[in-house]
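J.: Numbering follows numbering that gives the first Met the number 0, in which position 74 of the sequence shown is assigned residue number 73; successive positions increment by one, without gaps.
Worth flagging that the hints you see were computed from the coordinates, not collected in a lab.
Where is the CB? At the ideal position from N, CA and C, for every residue including glycine.
Just to be clear, a hint being listed does not mean it is correct.
[What the hints assert, rightly or not] Listed below are the simulated SDA-like cross-link pairs for lysine to any residue, each with C-alpha atoms no more than 25 Å apart in a straight line:
1. 1 - 87
2. 33 - 73
3. 61 - 17
4. 170 - 128
5. 61 - 23
6. 33 - 53
7. 33 - 76
8. 152 - 73
9. 152 - 170
10. 33 - 47
11. 152 - 174
12. 61 - 80
13. 61 - 128
14. 1 - 25
15. 1 - 30
[Stated by the list, open to error] If you anchor each label on the Cβ, the simulated ranges turn out as follows:
16. 224 - 183: 23 to 31 Å
17. 168 - 113: 27 to 35 Å
18. 251 - 224: 18 to 26 Å
19. 110 - 168: 39 to 47 Å
20. 109 - 43: 18 to 26 Å
21. 140 - 243: 42 to 50 Å
22. 73 - 113: 29 to 37 Å
23. 241 - 114: 33 to 41 Å
24. 121 - 73: 26 to 34 Å
25. 74 - 262: 30 to 38 Å
26. 191 - 33: 40 to 48 Å
27. 51 - 180: 29 to 37 Å
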Amino acid sequence: MKVAMTGATGLLGRHLCALLADRGVPFVSIDRQKWNLSEWNDTARFDAITEGADIFIHCAAKIPTGVESDASSSLRDLYDINVRAVLNLAQWAAGRNVHLIFISSGSVYRDPHSAVIREDAATGPGPIGGSYAASKRMAESVIAECAETDGLKATILRPSSLYGFGLPEDKFLIRMLQSARAGHEIEVSGPENRIDFVHAHDLSRAALMAAETGATGVFNIAGSGPVRLAELGQVIAAFGPADPVDLSIHPDHEPPFTRFALDNSAAANAFGYGPLISLPTGLAMTLEQQVMPPAA
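Go ahead and model the full structure; you've got the sequences and the hints to work with.
T.: The following block contains the structure:
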């Protein structure tokens, strides 16, 4: 088995590279110099840059910022990179019998706040994700069409809220961790809201397990279950420079929500997936910029 992958410098990609290297799996990283995802590749070009790989894990994607989310040029780039490039890749992979593993998102679900979300839950425009979620739904449709008409061997992974070293600094997890490390008070709004977090190492493991077993289809990849934000705050407060920092709780006047309560059963049955990284361990790894868990 040899793996080709995109997005090696991103949040997921750096963890996947570390895991593949640790397991001794040959892999080739395809960066922007090898493939600008906004440009159409021909078969010969794909053959050259993948260097004989029989597995392709597609991690790269464009995530629009709030500033550019409504700009027409940004939407065009979003479509070219997140949808058209997937069609380009899927058609090549089908012709070369390469197993395509596509990293999608839990935001494709129409109701990400359901108590339990299985893979057959409705997708469609939902309350989170915006144009990014729409592009992931379109990419999934492209892959499904290629699988049906061209025999593409494909696996689609839908992670919950992904975190780990490489998470952008504007994300609330990073802001809270940095505040705790600096000894500042942690503020938590909506303490009864619950979110499932999956560490990038666990998503990397899931991708590798799917590759090793040849499992195809659509699979949720989540952590150990939704966590109350009050509990999250308590875990993060413990990362103070000496003693746990103070925790300030701000009750929300809206009813509490649960987000990304994704059911892992299908992935567990198909290729043995189960989360290994606990929230305290994963947050410590994030803070210490680690891409592999501490040795047992």
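J.: A separate judgement is required for each hint: does it hold in the structure or not?
T.: Status of the hints after comparison with the structure:
1. 1 - 87: 20 Å, holds
2. 33 - 73: 22 Å, holds
3. 61 - 17: Holds. Residue 61 to residue 17 sits at ~22 Å (cutoff 25 Å).
4. 170 - 128: Measuring from Cα to Cα gives roughly 14 Å; hence the hint holds.
5. 61 - 23: 29 Å, violated
6. 33 - 53: Cα-Cα ~18 Å, so holds.
7. 33 - 76: Cα-Cα ~18 Å, so holds.
8. 152 - 73: Between residue 152 and residue 73 the Cα gap is close to 31 Å, so the pair fails against 25 Å, i.e. violated.
9. 152 - 170: The hint is violated at about 34 Å.
10. 33 - 47: 9 Å, holds
11. 152 - 174: 40 Å, violated
12. 61 - 80: 6 Å, holds
13. 61 - 128: 12 Å, holds
14. 1 - 25: 5 Å, holds
15. 1 - 30: 17 Å, holds
16. 224 - 183: 23 to 31 Å: About 29 Å separates the Cβ atoms of residue 224 and residue 183, which means 23 to 31 Å holds.
17. 168 - 113: 27 to 35 Å: 30 Å, holds
18. 251 - 224: 18 to 26 Å: 21 Å, holds
19. 110 - 168: 39 to 47 Å: 30 Å, violated
20. 109 - 43: 18 to 26 Å: About 40 Å separates the Cβ atoms of residue 109 and residue 43, which means 18 to 26 Å is violated.
21. 140 - 243: 42 to 50 Å: 47 Å, holds
22. 73 - 113: 29 to 37 Å: Since the Cβ atoms of residue 73 and residue 113 sit about 30 Å apart, the hinted range of 29 to 37 Å holds.
23. 241 - 114: 33 to 41 Å: Once the Cβ atoms are compared, 40 Å apart, the range 33 to 41 Å for residue 114 and residue 241 holds.
24. 121 - 73: 26 to 34 Å: This hint holds: roughly 27 Å between Cβ atoms.
25. 74 - 262: 30 to 38 Å: At 32 Å between Cβs, range holds.
26. 191 - 33: 40 to 48 Å: 47 Å, holds
27. 51 - 180: 29 to 37 Å: About 44 Å separates the Cβ atoms of residue 51 and residue 180, which means 29 to 37 Å is violated.
Consistency note: the structure conflicts with the earlier hints numbered 5, 8, 9, 11, 19, 20 and 27.
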